[in-house]
Structures are given as C-alpha cells and as structure tokens.
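So the sequences go chain by chain: A and B.
Letter by letter, the first sequence follows residues 38 to 471 of the numbering used here.
Letter by letter, the second sequence follows residues 761 to 990 of the numbering used here.
Think of the hints as simulated: they come from the structure by calculation, not from any bench.
None of these values were measured; they are calculated from a predicted model.
Any given hint might turn out to be false.
What the hints assert, rightly or not - Label pairs and their computed distance ranges (CB to CB): (1) A:LYS399 <-> B:ALA983: 43 to 49 Å; (2) B:ASP789 <-> A:HIS316: 49 to 55 Å; (3) A:GLY66 <-> B:ALA944: 32 to 38 Å; (4) A:ALA236 <-> B:THR846: 50 to 56 Å; (5) B:THR784 <-> A:GLY49: 33 to 39 Å; (6) B:ASP789 <-> A:GLU80: 21 to 27 Å; (7) B:ALA956 <-> A:GLY49: 46 to 52 Å; (8) A:CYS468 <-> B:PRO802: 51 to 57 Å; (9) A:PRO335 <-> B:SER884: 51 to 57 Å.
Stated by the list, open to error - Straight-line C-alpha distance at most 25 Å; calculated DSS-like pairs for lysine-lysine: (10) A:LYS73 <-> A:LYS45; (11) A:LYS298 <-> A:LYS399; (12) A:LYS104 <-> B:LYS986; (13) A:LYS45 <-> A:LYS298; (14) A:LYS104 <-> A:LYS73; (15) A:LYS229 <-> A:LYS104; (16) A:LYS73 <-> B:LYS986; (17) B:LYS987 <-> A:LYS104.
C-beta atoms are modelled at their ideal positions from N, C-alpha and C, and glycine is treated no differently.
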Amino acid sequence: MAITDAPKIITGRIGHADSHTLERYLATGGYDGLRKALTMTPEDVAHEVDTASLLGRGGAGFPAGRKWAMLRKNPVTYLVVNGDESEPATFKDHLLVERDPHQLIEGVLIAAYALQVSQVFIYLRGEFALGLERVQAALNDAYSHGAVGRDIFGSGFSVDVVVHPGAGAYICGEETALLESLEGKRGFPRIKPPFFPAAIGLYGEPTVVNNVETMSNLPWIVLNGGAAFAALGEGRSTGTRLFALAGHVNNPGVFEIEMVKTTFRDLIFAPVLGGGIPHGRELKAFVPGGVSAPWFGPDQIDVPLGQDEVAGAGSMLGSGSVVVMDDHTCAVRASWRITKFFARESCGQCTPCREGSGWLEKIMERIETGYGREEDLDLLLDACDNISPGLSWPPQQTTICVLGPSIPSSIGSAIQMFRDEFLVHIKEGGCPFD
Amino acid sequence: MSDTAQPAPLIRRRPNGGPTPNLTHLSADVVSRARDLIALYPEPRSALIPLCHLAQAQEGWLTPGVMVDIATLLDVTPAEVLGTATFYDMLHTEPVGSHVVSICTNIACLLNGAVELLEHAESSLGVNSGGTTADGVVTLEEAECLADCDAAPCVQVNHRYVGAQTPETFDALVADLRSGARAADIPSHGTLNRVARTTGLQADRAEIARERAAMADAQAERAAAKKAAG
Chain A
38 MAITDAPKII
48 TGRIGHADSH
58 TLERYLATGG
68 YDGLRKALTM
78 TPEDVAHEVD
88 TASLLGRGGA
98 GFPAGRKWAM
108 LRKNPVTYLV
118 VNGDESEPAT
128 FKDHLLVERD
138 PHQLIEGVLI
148 AAYALQVSQV
158 FIYLRGEFAL
168 GLERVQAALN
178 DAYSHGAVGR
188 DIFGSGFSVD
198 VVVHPGAGAY
208 ICGEETALLE
218 SLEGKRGFPR
228 IKPPFFPAAI
238 GLYGEPTVVN
248 NVETMSNLPW
258 IVLNGGAAFA
268 ALGEGRSTGT
278 RLFALAGHVN
288 NPGVFEIEMV
298 KTTFRDLIFA
308 PVLGGGIPHG
318 RELKAFVPGG
328 VSAPWFGPDQ
338 IDVPLGQDEV
348 AGAGSMLGSG
358 SVVVMDDHTC
368 AVRASWRITK
378 FFARESCGQC
388 TPCREGSGWL
398 EKIMERIETG
408 YGREEDLDLL
418 LDACDNISPG
428 LSWPPQQTTI
438 CVLGPSIPSS
448 IGSAIQMFRD
458 EFLVHIKEGG
468 CPFD
Chain B
761 MSDTAQPAPL
771 IRRRPNGGPT
781 PNLTHLSADV
791 VSRARDLIAL
801 YPEPRSALIP
811 LCHLAQAQEG
821 WLTPGVMVDI
831 ATLLDVTPAE
841 VLGTATFYDM
851 LHTEPVGSHV
861 VSICTNIACL
871 LNGAVELLEH
881 AESSLGVNSG
891 GTTADGVVTL
901 EEAECLADCD
911 AAPCVQVNHR
921 YVGAQTPETF
931 DALVADLRSG
941 ARAADIPSHG
951 TLNRVARTTG
961 LQADRAEIAR
971 ERAAMADAQA
981 ERAAAKKAAG
C-alpha cells in the first residue's frame with residue numbers, strides 16, 4: 038500500500054489564495070466541463086457519471102449514477118445539494134464550499150442538465166457564514182458570466198440555483214429532514230416508504246439529493262470521461278476521495294487520496310499526510326468514518342481506505358472523517374461525548390432514539406464521573422439493544438432515520454475494546470486519566 | 761344547506777379576513793430583502809429560515825413581534841414560525857449578546873483541550889455556557905461540531921471562524937470583541953450573508969413550468985427514439 042500520484046480531482050485549485058474567484062476558476066479550466074456537457078445529450082452526461090461509478094460522498098455511499106437512474110422513468114422536478122455537513126469531525130465540504138465554490142456550482146449545473154432540472158437548491162449549514170457568502174458571490178459571478186440562469190452559454194437550457202442557509206441542526210443532514218427544513222419546517226426526517234425523495238421529495242415532487250463533494254467531482258468526470266475516473270481506485274470504490282483527519286495527529290487536515298490504494302496507517306502516519314501522533318505517543322483507537330461508525334483499534338490500521346474494505350472490517354467509511362485517539366485518551370470520556378452529541382441532536386420523533394440517547398448519556402456521565410455501577414455496562418448494552426436490536430453491523434433500526442442506530446456504535450466499541458477501563462472507572466470511583 | 765356550505769378554515773390566518781397587517785417590527789430594508797428572498801422559492805414558507813436569519817440581524821434574536829411580521833410575510837401563523845425557530849440552534853427566541861461565542865467540545869476538539877478552554881471561558885467571562893455577560897457583549901455557548909476540526913479547539917464568533925484558541929488567545933479575542941477591534945470581520949449576530957443575490961428570478965414560475973414540461977417531452981421523445989432504434 039502506498040500513496041499514489043493520482044490526480045487531484047477536486048482539490049487541484051485550492052492551493053491558490055484566490056481559488057474562490059471566477060478569474061482563478063476560468064484560468065484553471067473552469068466551466069469547460071459544463072460547456073462540454075451542454076454539447077452532449079443529458080442521457081450521455083448521466084451515462085458518464087454511471088460509468089465513473091461515483092459513490093455518493095455524503096456518508097451512505099450510494100452510487101450517484103444509480104440514484105439518478107431511478108429517476109429516469111419519471112422526470113425530476115428538483116435537485117437539492119446537501120451541504121449540511123455536521124457529522125462530528127467531518128470538514129471536507131467546508132473546504133470545498135469556501136475554497137472552490139465555482140467547482141461546486143459547475144458540478145451542480147452539470148447534474149441539473151443531466152437530470153433536466155430547472156430549479157436547484159444548495160442547502161448549506163448556517164454555521165458556514167463565510168461559505169454562504171462565497172457561494173452566493175460565486176453564483177452572482179456565474180450569472181454574469183452566463184453559466185447559470187436563462188439559456189446558459191447559448192444552449193437553450195435554463196436553470197436557476199438558490200443558496201439556502203440552514204440554522205444549526207445535525208439531523209438536517211438526513212435528506213428527508215433536509216427537505217422538511219427547506220420547506221420551512223422543523224427538521225423531522227420523513228418515514229420511508231413512502232417518502233423516498235426520488236418519489237415524493239421537496240413539495241411532494243420527485244427530488245434528487247446529492248452531497249457537495251459528489252457534485253464537485255462532476256466537472257472532472259465530464260471533461261476526462263467516466264472511464265478515467267473509474268480507472269482510479271479499486272472495485273466499487275472508484276476515483277479519489279476527501280478524507281478529513283483530526284484528533285491526535287501532527288498534521289490534521291483534509292487530504293484527497295485515491296481510494297483503496299492507501300491505508301489508515303498511511304493516512305495517520307505518512308509525513309505528507311497525518312504525520313503521526315504527537316509527543317511520541319501510541320495509537321489507542323480511531324474513528325474510521327464519522328462518529329456514527331464503530332471504532333477501529335491498532336489491529337485494523339492496515340485496512341485500505343475503501344468503502345467495501347472498511348465495511349468488511351466491521352465499520353464504515355461514512356463521511357470520510359478519521360479521528361485519532363492516542364494512548365492518553367479516556368475511552369469512556371470520548372464515547373460519553375459522542376453520546377452526548379446524539380442526545381442533543383436527536384430530533385425527538387422516535388422514542389428509542391429520544392429517550393435512549395438521554396439515558397445512555399446519563400449513564401455514561403455517571404461512569405466517567407465516578408458514580409458508575411458494575412451492572413451499568415449491561416444496562417448500557419441493553420439500552421443500546423433497544424435502539425438497534427442485536428447491536429449488529431450494519432445496524433438494525435427501530436427508528437424513522439439512521440440517527441438512532443448510530444448512537445450505540447461508540448458505546449459498543451468502547452465497551453468491547455476497553456472494558457477494563459470502564460471497570461477501573463467504576464472501582465476507583467473516578468477517571469484514571471484525570 | 762345554504763350557499764355558505766364552505767367550511768370555516770381551521771386556521772384563521774387573518775383575523776376577520778381583514779387587510780394585511782402592517783409590518784411594524786421589521787425595517788423597510790429587511791422587508792424588501794425578505795420579499796426578494798420569498799420570490800426565489802416555489803412555496804413562500806421555504807423562505808422561513810432565511811427570513812429568520814435576516815430578522816435576527818436587527819436585534820440578534822427573534823422577538824415575538826418580529827415573528828409575527830415573518831408570519832405575515834409568509835402567510836403562516838406566528839406559532840408556525842415559533843415552532844420552526846425553536847428547533848434550530850442558530851435561531852434565538854430569547855435575547856443574546858452582540859457576540860455569540862460558540863466553543864465546540866465535540867470529539868476532535870475534546871481531544872485537543874476544548875473542555876479546558878470552555879472552563880476557562882466560563883470562569884474568565886463569569887457566565888456559564890448559555891449565559892450572557894453583564895455588558896451584553898458575549899453570549900457563551902457550548903457547540904456541537906462546527907466543521908473546522910483541523911483548527912481544534914474550534915471557536916466561532918457570530919458563526920465566523922476565529923481559528924484554534926488557547927486560554928490566552930481567547931482572552932485577547934474577548935478583549936477585541938469588547939473594544940470593537942474585530943467589527944470588520946465579525947458582523948453583528950444574525951448577519952449570515954453579507955453578499956446578497958444580485959439576480960432576481962429570470963422568468964416567472966409559469967414560464968419555468970412550461971419549459972420544464974417541454975424538456976420532459978423532449979427527453980421522452982429521445983427515449984422513445986432510442987427504444988425504436990434498438
């Protein structure tokens with residue numbers, strides 16, 4: 038395994054200080070992908086994306102081409118871009134939105150053309166104040182440039198794009214909650230079936246929801262062909278992908294890496310990537326794909342960065358965010374904080390998630406602060422089992438959306454990997470790391 | 761039954777069906793920007809959250825009067841505005857300070873000293889998380905992940921990133937907020953988007969619907985031709 042010299046498909050421009058401007062974008066091949074797409078039929082554009090076998094980059098990893106194909110029978114009314122990046126330790130879309138807004142817009146326009154949609158909404162989380170300004174400014178420039186609006190580049194194709202701010206709710210990253218939010222309501226996920234966005238989406242119309250990173254790949258795919266994209270990576274995981282690395286590493290950041298060819302070891306320790314763990318400490322555990330994913334330990338460090346490879350090892354690549362914990366980290370405290378997050382962000386519709394997350398959080402707090410009981414470990418697992426029966430992976434679901442079954446991941450991992458640490462907390466009446 | 765068989769509406773949006781009430785709590789400028797925003801959406805209610813952000817720039821929070829005005833603009837009830845607003849962390853239905861300081865303590869920040877930073881902030885500001893300083897300058901809040909994890913512990917002021925903070929730099933930051941030294945890059949609370957859209961909707965909804973139908977027909981024709989060809 039090694040770090041390959043695969044092209045920088047979506048981060049090639051961000052080295053420039055003015056990467057967010059139209060001037061820089063045009064000087065670096067900007068809107069050439071859209072111009073090329075407009076000379077093709079919409080079906081051919083969709084075919085290229087299908088050939089690229091681009092997996093959705095939002096977390097679920099559903100192939101974008103297949104998502105679109107589901108809609109070919111009945112015409113799509115709306116395209117919605119999911120930029121509500123809120124999964125803890127995920128900050129890749131933040132980079133794309135702030136540093137290369139035109140690339141996102143071009144990708145969105147290509148998708149709109151392929152789907153023959155005339156109305157697009159880009160939903161960005163409200164905390165991206167600068168990102169919202171950058172995307173709106175880029176859109177204003179793109180309108181003046183003739184790339185968006187009526188009869189774009191003289192092609193006869195018209196499309197309008199609206200930037201929509203969220204207002205701070207993790208659950209709105211779930212696509213049906215996002216649509217509710219976009220309709221001006223509380224971000225309550227809709228029950229599926231029947232409310233699959235492809236059938237009954239925004240305002241009850243067929244809607245495609247795609248992630249920011251997924252969209253940002255499209256200009257390159259159209260320019261270079263789906264086959265060139267599919268040639269990168271391995272198996273089902275094609276192309277390159279952004280990995281957000283944070284926690285106990287010398288060089289945290291977002292890295293664009295060819296899928297499958299690189300391992301977690303490379304990502305965390307390679308000098309050009311994570312640069313290893315500070316203060317000469319050892320690796321204790323790491324989160325492989327957002328806090329909804331079960332943790333990995335040093336034994337899984339050589340798992341390749343690929344969707345099926347990580348799934349095969351018992352977790353998920355999810356949103357591509359990796360959090361490294363060194364051997365001075367308290368596993369109880371870390372999983373307590375993650376549980377607290379879910380308890381706070383549960384929308385409250387389903388009892389197992391709403392009540393379960395709160396109870397779990399209180400039990401975890403009790404253990405961390407020294408008031409735990411030995412039977413609490415079984416109690417935790419029992420409550421987890423009520424949210425996600427069997428505690429299997431991929432998880433079973435008792436709730437409308439997948440926020441609920443994401444809660445047990447970190448608790449299950451922490452108890453399974455560091456049971457002794459829980460017992461020390463309970464026996465000594467406090468946290469041994471304090 | 762007489763000719764008044766029409767059932768009474770469940771929600772009486774306008775008392776006595778009277779004329780549109782005056783918008784007394786939003787400034788003329790906000791109302792004009794709000795109307796531009798509403799025009800961008802197929803359903804007016806979709807503009808609810810953008811309008812709340814817009815209105816919050818006035819006083820930092822959604823006063824009951826402001827919510828009535830938003831409801832009037834969107835033709836929904838004030839309760840519907842309140843119902844949506846209370847779901848979201850960024851929309852405040854109680855007064856906040858001129859600067860909302862959000863300290864993330866989620867996993868990546870926790871591992872990099874965020875809890876220690878929050879404790880320092882609470883003691884140096886003399887307020888607990890959620891509280892506002894007596895001078896009304898700072899509302900402190902413990903935040904969930906703000907998506908800037910390579911600059912941990914991550915701090916935002918009025919949702920502008922201010923980079924990783926230590927207790928020392930945090931105190932300097934608060935001093936700057938109090939003196940107004942950061943006024944240029946950190947606008948008042950609620951000012952989410954200083955860049956307004958410059959292009960209005962370039963066609964009316966009916967024309968867009970006609971175009972869409974034509975596109976769908978053309979697509980169906982191509983599909984039929986392809987099927988016929990093989």
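Here's how the hints hold up against the structure:
no.: 1; hint: A:LYS399 <-> B:ALA983: 43 to 49 Å; result: violated (57 Å)
no.: 2; hint: B:ASP789 <-> A:HIS316: 49 to 55 Å; result: holds (53 Å)
no.: 3; hint: A:GLY66 <-> B:ALA944: 32 to 38 Å; result: holds (34 Å)
no.: 4; hint: A:ALA236 <-> B:THR846: 50 to 56 Å; result: violated (30 Å)
no.: 5; hint: B:THR784 <-> A:GLY49: 33 to 39 Å; result: violated (52 Å)
no.: 6; hint: B:ASP789 <-> A:GLU80: 21 to 27 Å; result: violated (46 Å)
no.: 7; hint: B:ALA956 <-> A:GLY49: 46 to 52 Å; result: violated (30 Å)
no.: 8; hint: A:CYS468 <-> B:PRO802: 51 to 57 Å; result: holds (53 Å)
no.: 9; hint: A:PRO335 <-> B:SER884: 51 to 57 Å; result: violated (39 Å)
no.: 10; hint: A:LYS73 <-> A:LYS45; result: holds (20 Å)
no.: 11; hint: A:LYS298 <-> A:LYS399; result: violated (41 Å)
no.: 12; hint: A:LYS104 <-> B:LYS986; result: holds (21 Å)
no.: 13; hint: A:LYS45 <-> A:LYS298; result: holds (15 Å)
no.: 14; hint: A:LYS104 <-> A:LYS73; result: holds (23 Å)
no.: 15; hint: A:LYS229 <-> A:LYS104; result: holds (16 Å)
no.: 16; hint: A:LYS73 <-> B:LYS986; result: holds (22 Å)
no.: 17; hint: B:LYS987 <-> A:LYS104; result: holds (22 Å)
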